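Following the hints, put chain C in place on chain V, whose structure we already have.
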Amino acid sequence: MFIRITIPTLLLILLALVPFGAPGLQVLLTLALAKGIAVMGVTVLLRSGQVSFGHALYFAIAAYGGAFTLMLMPGADLIIVLVFGIVTAVLSGIIVGLFVARYRFIFFAMLNLAFSMIFWSILEKFYHYTGGADGMRLPRPTVMWIELERGAYELVMFYLALALALGLGWFSMRWLDSPTGQLFRTIKTNETRLQYLGMSPQRVMLTGYVLSALLCGVGGIIMGLVQGVVTPEYAFWVRSGEMVFIAVLGGAGSVPGALVGAAIYEIVRTYASAFAGDIWQLVLGTFLLIIILFAPGGIAGIYSGVMDRIAGKKEDSE
Amino acid sequence: MNLTLFLLALFDGIAYAALVFIVAVGLTLIFGVMRILNVAHGSLYAMGAYLTASLTTFFVAAGLPPIFAFPCMLVSAVLIGVVIGGPLEWLLLRRIYHKPEVLQLLVTFAIFMILEDVQRLVWGTQPIFQSAALQLLGNVRVFAVNYTVYQLILLPIVAIALLVGLRFFLRRTVAGKLIVATTEDREAAQAIGIDADKVFLLTFIVGAGLAGLGGALASPTTSILPGIGADMIVLSFAVVATAGLGQIEGAALTALLIGLGRSFAVYVWPETQVLVPYLIMVAVLLVRPEGLFGSPAARKI
Chain V
1 MFIRITIPTL LLILLALVPF GAPGLQVLLT LALAKGIAVM GVTVLLRSGQ VSFGHALYFA
61 IAAYGGAFTL MLMPGADLII VLVFGIVTAV LSGIIVGLFV ARYRFIFFAM LNLAFSMIFW
121 SILEKFYHYT GGADGMRLPR PTVMWIELER GAYELVMFYL ALALALGLGW FSMRWLDSPT
181 GQLFRTIKTN ETRLQYLGMS PQRVMLTGYV LSALLCGVGG IIMGLVQGVV TPEYAFWVRS
241 GEMVFIAVLG GAGSVPGALV GAAIYEIVRT YASAFAGDIW QLVLGTFLLI IILFAPGGIA
301 GIYSGVMDRI AGKKEDSE
Chain C
319 MNLTLFLLAL FDGIAYAALV FIVAVGLTLI FGVMRILNVA HGSLYAMGAY LTASLTTFFV
379 AAGLPPIFAF PCMLVSAVLI GVVIGGPLEW LLLRRIYHKP EVLQLLVTFA IFMILEDVQR
439 LVWGTQPIFQ SAALQLLGNV RVFAVNYTVY QLILLPIVAI ALLVGLRFFL RRTVAGKLIV
499 ATTEDREAAQ AIGIDADKVF LLTFIVGAGL AGLGGALASP TTSILPGIGA DMIVLSFAVV
559 ATAGLGQIEG AALTALLIGL GRSFAVYVWP ETQVLVPYLI MVAVLLVRPE GLFGSPAARK
619 I
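For the record, the sequence lines run as chains V and C.
FYI, the numbering used here numbers position 289 of the first sequence as 289, with every residue one higher than the one before it.
Count along the second sequence starting at 1, add 318, and that's the number in the numbering used here.
So that you can see chain V by itself, here it is in the shape it has in the complex (with noise of 0.2 Å):
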């Protein structure tokens, strides 16, 4: 037991003292957990069975929310962009949700694509508004009403991306322990069952849907606001296929697997793409491949494998 919480606390001790300690990887984990906290609403959805190709797609929709809300409001303050840019997701995750939930397995996973390849062709075709492929610039907010220079700026967002990393996922990880949760869990075991206990399991689907898409929605509009610039392929499906990938790297429905699995992903893809730039999807999808057959537990399972081999095992896992 004690080993199990020694090895995460030190590991988050050293990811807080990162920007003294090697200032360099500052931004690129900021980045890593920005994509985390992304991940963490595919995860979310794996709990129930269900994957979906498109979640790329509130990953985008709560970082033109923000552009949207710089552009409006010039001089808006951090907080008041990033309640816009997820109320965004959230609205557009329950207009959504009210569809898809109906729906499971392929046509859950196709829908989603298909709703994501919508919004980013109307990205692309509507250019007046939305700047096409290059995008829009999201200038740099004031945090809370004071004018910080770049550097200040980088140090709050990491300490943010980590402070919402670790609330959102502690919540995520209560959530789908609590009532709503384990009904939400149903849909994957029983569906049937779920209905027999007298619930509705578009309903159930739906809560659970619009939590992963305020993840998602949390994570693009870091992302966007650290990058700077947001562009359509926010929304692309190269960028819903990456979330899936770490969700199942990291372990699939392990809400810290997400995590850790998008940190891992973010420093290897940096030090290989001088490599492997152009087969990049290449190498994704052979993993993808190789974790599917092979160690179906992700980055989680293996973890909890050597740790049950060190502590002995004692405890029941679920």
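No lab work stands behind these hints, which were simulated from the structure alone.
These numbers come from a predicted model, not from an experiment.
Glycine residues also receive a C-beta, built at the ideal position from the N, C-alpha and C atoms.
Just to be clear, a hint being listed does not mean it is correct.
Just a few of them, taken from the derived set where beta-carbon distance is under 8 Å, the chain C residues facing chain V [to be verified]:
{"#": "1", "residue": "L355"}
{"#": "2", "residue": "V420"}
{"#": "3", "residue": "M431"}
{"#": "4", "residue": "D435"}
{"#": "5", "residue": "R438"}
{"#": "6", "residue": "V440"}
{"#": "7", "residue": "E502"}
{"#": "8", "residue": "D503"}
{"#": "9", "residue": "F555"}
{"#": "10", "residue": "A556"}
{"#": "11", "residue": "A559"}
{"#": "12", "residue": "L593"}
{"#": "13", "residue": "Y596"}
{"#": "14", "residue": "R606"}
{"#": "15", "residue": "P607"}
Same frame as chain V, but now just chain C:
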């Protein structure tokens, strides 16, 4: 909208629908038999197009007459089916039939990611244009509208021949009946001695070949560039889902519906061109979640 524009939109729609149907029918056939949605279907379409363009360019450059473009199309389709489709089913998909549906989706999605890069590695990112076949057949004049014979006559004929041929194949030939039997009940089919593995392999090769054929036939009409595979899988899924998964005749009608809807959108309000197919799909699915021609699935309890 005057008569000329109306006719142009109509012809565009028919030509486009024929192409989409050829791809979508492969997708729906594979799903009907194997209960797997092949996300990599779009990549097979794109590779069929690339392969045809390369072969045609090669043969025309070697001094052969442009008529050789047509055999090139058939060769590409067969190659895509046998060389890519066959091993995919045999090496990968065969391992996952008993796995949860999510994993099956993830596996075909992984194949899709891999194939998208493979085609970029082989053919690069520059658009390729090879319209020898289109120019060879020339134009036809219908009510003061000039249109290419290739798109207005050849493509619909191929699509209709495919529809009739598939119906005949599935209902009148032994191989087709084996496929239908396996679709209805895999275990019962195996119990009476049908080799289900072989049926699945055959189905996947045919389905992948149809994706390749769709790409081959599309190659003279458009410039081929990265990303057409992703567009095509989403669009042909829209067609297949609107019709009801596994419905071959239904896919023909919805392909026409979506093709016409899209081409009229091009002339009326071009920005919405990409949206119309999905709006049609969403509208249909809102009213009939199992598709226009699908029947509600019986629930297993």
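We went through each hint and held it up to the structure:
Given hint, C:L355 at the interface with chain V, holds; its Cβ is 5 Å from that chain's nearest Cβ, closer than 8 Å. The restraint placing C:V420 at the interface with chain V holds, with a minimum CB-CB distance near 5 Å, inside the 8 Å limit. Given hint, C:M431 at the interface with chain V, holds; its Cβ is 3 Å from that chain's nearest Cβ, closer than 8 Å. At about 4 Å, the closest approach between the beta carbon of C:D435 and any beta carbon in chain V falls short of 8 Å, and the interface hint on this residue holds.
The beta carbon of C:R438 comes within 7 Å of a beta carbon in chain V, closer than 8 Å, and the hint placing it at the interface holds. The beta carbon of C:V440 comes no nearer than 12 Å to any beta carbon in chain V, farther than 8 Å, and the hint placing it at the interface is violated. For the restraint placing C:E502 at the interface with chain V, the shortest Cβ-Cβ distance is roughly 20 Å, beyond the 8 Å limit, so the hint is violated. Interface restraint check for C:D503: the shortest CB-CB distance to chain V comes to about 21 Å, outside 8 Å, so the restraint is violated.
The interface hint given for C:F555 holds, since its Cβ lies 5 Å from the closest Cβ of chain V, which is under the 8 Å cut-off. Given hint, C:A556 at the interface with chain V, holds; its Cβ is 6 Å from that chain's nearest Cβ, closer than 8 Å. The interface hint given for C:A559 is met, as the beta carbon of that residue sits about 7 Å from the closest beta carbon of chain V, less than 8 Å. The criterion of a C-beta within 8 Å of any C-beta in chain V is met by C:L593, whose closest approach is roughly 6 Å, and the hint holds.
Hint status for C:Y596 relative to chain V: holds, with the closest Cβ pair at about 5 Å, below 8 Å. A distance limit of 8 Å between C-beta atoms decides the matter here; for C:R606 the minimum to chain V is near 12 Å, and the interface restraint is violated. Taking 8 Å as the C-beta cut-off, the interface hint given for C:P607 holds, the closest approach to chain V being about 6 Å.
Hints 6, 7, 8, 14, counting from the list given before, are not met by this structure.
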